[in-house]
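> Chains as they are written, first to last, in the working numbering: chain A, 1 to 113; chain B, 1001 to 1112.
Be aware that a few hints might be false.
Covered stretches of chain B, going by a simulated chain A footprint (3 or more residues, C-beta under 8 Å) [said to hold, decoys possible]:
id, segment
1, 1041–1047
2, 1099–1107
Here are the simulated DSBU-like cross-link-like pairs (lysine-lysine), alpha carbons at most 35 Å apart as the crow flies [what the hints assert, rightly or not]:
id, chain 1, residue 1, chain 2, residue 2
3, B, K1014, A, K100
4, B, K1014, A, K71
5, A, K100, A, K56
6, A, K5, B, K1011
7, A, K54, A, K5
8, B, K1014, A, K56
9, B, K1057, A, K56
10, A, K68, B, K1057
Hints were generated in silico from the structure; no laboratory data involved.
From a predicted model like this one, the values you see are computed outputs, not experimental measurements.
Cβ coordinates follow ideal geometry from the N, Cα and C atoms, glycine included.
What follows is the residue order along each chain.
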Amino acid sequence: DQQVKQNSPSLSVQEGRISILNCDYTNSMFDYFLWYKKYPAEGPTFLISISSIKDKNEDGRFTVFLNKSAKHLSLHIVPSQPGDSAVYFCAARENFGNEKLTFGTGTRLTIIP
Amino acid sequence: DTGVSQDPRHKITKRGQNVTFRCDPISEHNRLYWYRQTLGQGPEFLTYFQNEAQLEKSRLLSDRFSAERPKGSFSTLEIQRTEQGDSAMYLCASSFTGNEAFFGQGTRLTVV
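Required output: the full structure, derived from the provided sequences and hints.
Below is the structure:
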């Protein structure tokens, strides 16, 4: 049972344009969401997070949007840069105190120069 | 380097052998996690420590797996009688707030 789904295995975007990565979840108990970026042969690197009490969080070029009613979140990267090419994982956690993160299967983002 | 450190980075072992991995978390972090990642999948939760107490274990963690965190500092993950299905990347992460977890570079295990 995949509780966090990233339905696009890959995405290619022109340098300078907007990259939009999507994530859907099924568990209504999830209340905290994170995006991680992973380069080959390295561990995931934390990018940005959002609590369920918000619908948007920005950090520089990265913005995460949360639509609780649709159980959907997205990561926007503007403008996209070649160094953004990596695999992006969406992760979710239930109520505070439950420490386990549930990850999606990832989306491979390729930025085309 | 003050990040999460894992050792070894790579391990090749014969089926049936025991292996042990080590994780050194970020020094001020009291929470430590182990995850496993196989090809094409996201990381899957294995177990979690707060200080030295192991507070949660996944059903993925069979009896052949054991994790410890003596004195609430570094942690070890041991796999006994390894099987080919144990081949994966084993990731350690730590956090202070329980929110963002910071991952190490992982230990890639290959069982032949």
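> If a hint holds in the structure, say so; if it doesn't, say that too.
Outcome of the hint check:
1. For a cut-off of 8 Å, the count of residues in the segment 1041–1047 of chain B with a CB near a CB of chain A stands at 5, and the three-residue condition holds.
2. With 8 residues bearing a CB less than 8 Å from a CB of chain A, the segment 1099–1107 of chain B meets the requirement of three and the coverage assertion stands.
3. Distance hint between K1014/B and K100/A is fulfilled; the C-alpha atoms sit about 31 Å from each other, no more than 35 Å.
4. Note on K1014/B and K71/A: the hinted pairing is violated, with a Cα-Cα distance of about 44 Å set against a maximum of 35 Å.
5. For a cut-off of 35 Å, the pair hint linking K100/A to K56/A stands: about 23 Å separates their Cα positions.
6. Among the hinted pairs, K5/A with K1011/B is consistent with the structure: their alpha-carbon atoms are about 31 Å apart, no more than 35 Å.
7. For the hint linking K54/A to K5/A, the alpha-carbon distance of about 21 Å falls within 35 Å, and the restraint holds.
8. At most 35 Å may separate the alpha-carbon atoms for a hinted pair to count; K1014/B and K56/A exceed this at roughly 49 Å.
9. Using a Cα cut-off of 35 Å, the hinted pair K1057/B and K56/A holds, with the two alpha carbons roughly 32 Å apart.
10. With a C-alpha separation of about 28 Å, the suggested pairing of K68/A with K1057/B holds against the 35 Å cut-off.
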